[in-house]
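From first to last, the protein sequence lines stand for chains A and B. Numbering-wise, the first sequence is residues 0 to 237 according to numbering that gives the first Met the number 0. Numbering-wise, the second sequence is residues 0 to 237 according to numbering that gives the first Met the number 0.
These are computed hints drawn from the structure, not numbers from a lab. Some hints could be false.
Since the list gives no way to pick out one identical chain from another, each pair is judged satisfied if it fits inside one copy or across any two copies.
[Claimed, not checked] Pairs of lysine to any residue, SDA-like flavour, derived with a Cα cap of 20 Å:
| id | residue 1 | residue 2 |
| --- | --- | --- |
| 1 | K78 | L9 |
| 2 | K78 | E47 |
| 3 | K234 | G187 |
| 4 | K234 | E186 |
Predicted model, so just to flag it, every value in this text is computed and none were measured.
Below are the chains, spelled out letter by letter.
2 protein chains.
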Amino acid sequence: MVLVSPRNPLNIGATARAMANFGFSHLSVVAPYEAHWREAQSAIGAEELLQNAKRTESLAEAVADCTLVVGTGTLARRKAEQPVVSLPELGGRAGSELARGGRIALVFGSEKRGLTREDLSYCHLLAVIPTDPQQPSMNLGQAVAVCLYELTARGESHAGLSGKSAADFVPPLATSGEIDRLAAVIEGVMLAASYSPAEMRAANRHDLRLLLRRLEINEADARRALGLFRRVLHKIGN
Amino acid sequence: MVLVSPRNPLNIGATARAMANFGFSHLSVVAPYEAHWREAQSAIGAEELLQNAKRTESLAEAVADCTLVVGTGTLARRKAEQPVVSLPELGGRAGSELARGGRIALVFGSEKRGLTREDLSYCHLLAVIPTDPQQPSMNLGQAVAVCLYELTARGESHAGLSGKSAADFVPPLATSGEIDRLAAVIEGVMLAASYSPAEMRAANRHDLRLLLRRLEINEADARRALGLFRRVLHKIGN
């Protein structure tokens, strides 16, 4: 991750926070504004990776050991001179680069001007976040978060490792038999409550069967519903 | 987009900025901290959508017209009571809900506590951003940006892949408000039927709220169920 001449200490801090969130640790800053950079580094709760950031005077130096340099920005003000990819397309490209042992740099320009034409000349690709044309320009910290999300969180699912989608436990659905038992009790309640005329009975039963299956009710919920309707039936019966 | 008790005006501003970036315009705030909310609204360069934000005292009210309510957060402190999806998986799900004419609410808790158990009981799903276990907790403005990126920028490419035809029309889900009305009548039936002891009432109400959302009941079915339970209530009442 490379920030070129970042200005706002809050944005620098937010960049570091997003990097920590998505498991990145190598930050380089190119020609930062001295006072702002120091302020960001000394902020309460500043990420450790800010302390360890590599500082260079030129972008060339910062990305010297990377095999794929990806600039970020909008196309509002210039015609790109290198291939442009939409951010959602970057994941696959980055994944194959990493798979073959490459190192990727993601480069963000200053809040005010973005990356200059000179900066961009060090980039293999320009990645564009698809934003609304009415308000295309993103806050730096948010743009960083979105890009790192694409490269990691999405990256994993590209690779088919949706992995730690924690507690993916889904309880089993009720069996058809359990649903039919529930349907029978509900039908009993409908009758006891004079829900509809007798000649509707067959139609109602049919609809109820469909309805309960549409709900894709799980086993435990079916049991709960059964308990409630039995109780109701008992109450109406008396 | 719903913010519950947001605190930091900068985060509120960042949320609005990300919404503008990704083309969203409907913001609701639930029980905001008065001074901070006013500060955010009056900030220089504040997005217009902050002026037009809907303000409510409860989350139930804020999401009453939505058919799919998605809470956000981590699983660090609690066990989820509803299905959990990893954010990358949410895009497709949200896309199909929109395709059948539903309205989605994305709900973010306060910076300090996130969403409470009570808040979450109004959510059909909990979406988790896959972050590094070492630093799982994201800044609010950045989390919002990442979620909206997934829903729009990525969403487009999902839609491009799945090529939906108008033929697979699925009726929209019941709105959160319709579900709450149904829940109220069912609760009435439970009471009238002496389903469980009085001291269980709050817990039952909580469970019922979750259960009805788990069912993903559609509008027409919710109406049918409402009719039945009203009828039952009437019958038991007499």
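Point to revise | Violated hints - listed by number, lowest first | key: 1, 2
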